[in-house]
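**Q** Chains as they are written, first to last, in the working numbering: chain A, 1 to 118; chain B, 1 to 516; chain C, 1 to 89.
Worth flagging that the hints you see were computed from the coordinates, not collected in a lab.
Each hint should be verified, as a subset may be incorrect.
List of simulated lysine-lysine pairs, DSSO-like, C-alpha gap at most 27 angstroms [claimed, not checked]:
#: 1; chain 1: B; residue 1: 45; chain 2: C; residue 2: 88
#: 2; chain 1: C; residue 1: 38; chain 2: C; residue 2: 88
#: 3; chain 1: C; residue 1: 29; chain 2: B; residue 2: 51
#: 4; chain 1: B; residue 1: 466; chain 2: B; residue 2: 395
#: 5; chain 1: B; residue 1: 34; chain 2: A; residue 2: 7
#: 6; chain 1: B; residue 1: 45; chain 2: A; residue 2: 7
#: 7; chain 1: B; residue 1: 8; chain 2: B; residue 2: 65
#: 8; chain 1: B; residue 1: 448; chain 2: A; residue 2: 7
#: 9; chain 1: A; residue 1: 55; chain 2: A; residue 2: 69
#: 10; chain 1: B; residue 1: 288; chain 2: C; residue 2: 38
#: 11; chain 1: B; residue 1: 395; chain 2: B; residue 2: 156
#: 12; chain 1: A; residue 1: 19; chain 2: B; residue 2: 439
#: 13; chain 1: A; residue 1: 19; chain 2: A; residue 2: 74
#: 14; chain 1: B; residue 1: 34; chain 2: A; residue 2: 4
#: 15; chain 1: B; residue 1: 73; chain 2: C; residue 2: 38
#: 16; chain 1: B; residue 1: 8; chain 2: B; residue 2: 51
#: 17; chain 1: B; residue 1: 288; chain 2: B; residue 2: 156
#: 18; chain 1: B; residue 1: 247; chain 2: C; residue 2: 38
#: 19; chain 1: B; residue 1: 395; chain 2: A; residue 2: 19
#: 20; chain 1: B; residue 1: 480; chain 2: A; residue 2: 55
#: 21; chain 1: A; residue 1: 82; chain 2: A; residue 2: 69
#: 22; chain 1: B; residue 1: 45; chain 2: B; residue 2: 247
Predicted model, so just to flag it, every value in this text is computed and none were measured.
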Amino acid sequence: MAVKTVKPYRFAPRDTVDKFPAPILYIGWEDHMMFVSPICLPVPPDTPFQALMDKILPDAYGMHPDFAKIDWSKVQWFKSGKPFVPEPAKTLRENGLGHKDVIRFRTPGLEGIGGAYF
Amino acid sequence: MDTRVEKKKLSLRERYHLMTRGLGWEPTYQPTEKVFPFTAYEGIKIHDWDKWEDPFRLTMDAYWKYQGEKEKKLYAVIDAFAQNNGFLSLTDARYLNAIKIFIQGVTPLEYYAHRGFAFAGRHFRGEGLRVACQMQSLDELRHTQTELHSISVYNKFFNGFHNPLHWFDRVWYLSVPKSFFEDANSSGPFEFLTAISFSFEYVLTNLLFVPFMSGAAYNGDLSTVTFGFSAQSDESRHMTLGIECIKFMLEQDPDNVPIVQRWIDKWFWRGYRVLTLVGMMMDYMLPKRVMSWREAWEIYGEQNGGALFQDLGRYGIREPAGFRDACDGKDHISHQAWLTFYTYDPVAAFHTWVPSDAELDWLSAKYPESFDRYYRPRLLYLREQQAAGTPVANKNLPLLCNVCQIPMFFTEPGDPRRICYRESVYEGERYHFCSDHCKSIFDHEPEKYVQSWLPVHQIYQGNCFKPGTDPTAPGFDPIKAVLDYYEINNGRDNLWYDNSEDRRNFEAWTAEARGN
Amino acid sequence: MSDVFIALQDTDEARPIIEAILADNPQPKLTHSPAMVKIDVPNRLVIRRERIEEITGLPFDLQRIHVNLISLSGHIEEDDDQFVLSWKR
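For reference, chain A alone in the conformation it holds in the complex (with noise of 0.2 angstroms):
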């Protein structure tokens, strides 16, 4: 216990997977800050990895000219910072995904509007 007490100092963390209706999953676009930070999501594992791409993306981001340019097959992707590469059939939890992770998803030649990363 790194923590200095002056009696055993030990609590349930407050955002366990059993506490949320689904686990959550945090969401970022890289180069789009309009978007300001990652969003958080609550998303069932089952949830195919496509599902993303067809529905959760477009709904999130849709609003951007940018996304409608977007080339699905040059997306790069990343957990925890890390080069990931999805199998778009598969699950989130096949896809190795879990409550709290971290995406995010750069599309190349996409840079805001104005080129100002937004």
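Using the hints provided, position chains B and C relative to the given structure of chain A.
**A** Below, chains B and C alone, put in the same frame as chain A:
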């Protein structure tokens, strides 16, 4: 005949010693460690409490005299301001959104400070320090009260002032100051003093109070200026307690140095993160600006802070670990914060807007390294969308840093194109941070931060709805339900300034006041 | 060598204090903003009660500077006759 003897006048130090020493004693009915259970566990070693040099030796009679004078002046001015509809002389009602942030995010911290210093005043040994803490506890309660009084006049006429204490405990951006102070209040007495007296009230205070109070002076807010005057001299007493406590701990035992250094690193960074709101306020929310966040940081952070840490070098203390990154952030954090609050304005209890062209030019001049490259194009896009009737709003809730609890909009030091992501895994759970320094704070005391009450997670856990709310009912709107739980009046307290009731009212009333 | 500073309210009551500081310290830099006067001095700043009394012609309790003080930097040494701010290094 008796020889005449000149009665020697006691010096200030002697008078103060007579009034304060001897108020403490060694307990005999109970063991000392039972009466004072918190003095040793942090590892700070104090060998000689007599070496404590009282900062600002105010005896109680002097305290009452000066505080009484200040109160009479203050309440006379607040009263006159209210009776004369003083708000009509504000430069612009946009300014009041800075004061909304103050009453929502700063005033509750005064109350927390009152509680924290009461605890410190009880649990230290050393009568000089205990008396200083008790006086500060009174000062902080006074600040809570005088701020509420000074700002209450605006609640009669404008939105966003009516529920600050309720909001403080619930609303997403207010968990930033709340978690900051709860971290301090749940620390031991020596850490508390390092966190609040030193890091906050000495190192960083000029970056909080001077901007708000100068901002008030520049924008016609006589009520807040007068509160500011009235509080500032209390603050300078607090500052002297801060510098004295650091010196005292460092001089008592060399073993204290690494402990104090760790605390300075933690609390400089936590305080700096809270000040993001102030940077945004200075650069965006004052119709008549005082100076830029960058300028304030250079004067009070770099020059003044630099001198201080150079001085403390004689004890083996170095500048805080996050100091360089804080300097790097001076060109960016205010803009990044404003863009965040603009795009989340539907769920905030104050208004935002896009700056005018003249204001954009001011920002370009103050931020030659960053503004035109990164932030002007973004603001122009926001303006374009607002004019088209489709204001840009973030639909999804953000990832919050587990320590500072701010949405992770901060960029990598040295690279403003990339959001800064850091993480740790502790006992099988993953945690995310905005910076190396928040991560380091977590890694050192994870048992504390696994308890973080993160508003975004709490919303998803269903803890931010009023009792009886049914999320499965048809047409359920979670955002409306959360605003209801927050007791934010949807359409009045939130959303952008241009279409606000505040703006319509201010324009109508000032026209009325100047016409017939 | 770094500067120490003191910041005072811009009131009538503070004026003799400000004048005393300017008289008794080398190379003082005065910055005047609405409601606030800031004085920066290299390394050591002293406020002397006697100087204030000379300026006003009235007795002055040095602790009264509390009522007009806004902020300061440096280490503080205070007695009945002078108030000093300084860096030790």
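**Q** Does each hint fit the structure? Answer for all of them.
**A** So, going through the hints one by one against the coordinates:
1. B/45 to C/88: holds, 24 angstroms
2. C/38 to C/88: holds, 21 angstroms
3. C/29 to B/51: violated, 35 angstroms
4. B/466 to B/395: Within the cut-off at roughly 22 angstroms; holds.
5. B/34 to A/7: holds, 14 angstroms
6. B/45 to A/7: Given pair residue 45 of chain B, residue 7 of chain A holds - Cα atoms ~20 angstroms apart, limit 27 angstroms.
7. B/8 to B/65: holds, 25 angstroms
8. B/448 to A/7: holds, 14 angstroms
9. A/55 to A/69: holds, 16 angstroms
10. B/288 to C/38: holds, 20 angstroms
11. B/395 to B/156: violated, 32 angstroms
12. A/19 to B/439: holds, 24 angstroms
13. A/19 to A/74: Violated. Residue 19 of chain A to residue 74 of chain A sits at ~36 angstroms, over the 27 angstroms cutoff.
14. B/34 to A/4: Holds, at roughly 18 angstroms.
15. B/73 to C/38: holds, 23 angstroms
16. B/8 to B/51: holds, 25 angstroms
17. B/288 to B/156: Cα-Cα ~24 angstroms, so holds.
18. B/247 to C/38: holds, 25 angstroms
19. B/395 to A/19: The hint holds at about 23 angstroms.
20. B/480 to A/55: holds, 24 angstroms
21. A/82 to A/69: holds, 24 angstroms
22. B/45 to B/247: holds, 13 angstroms
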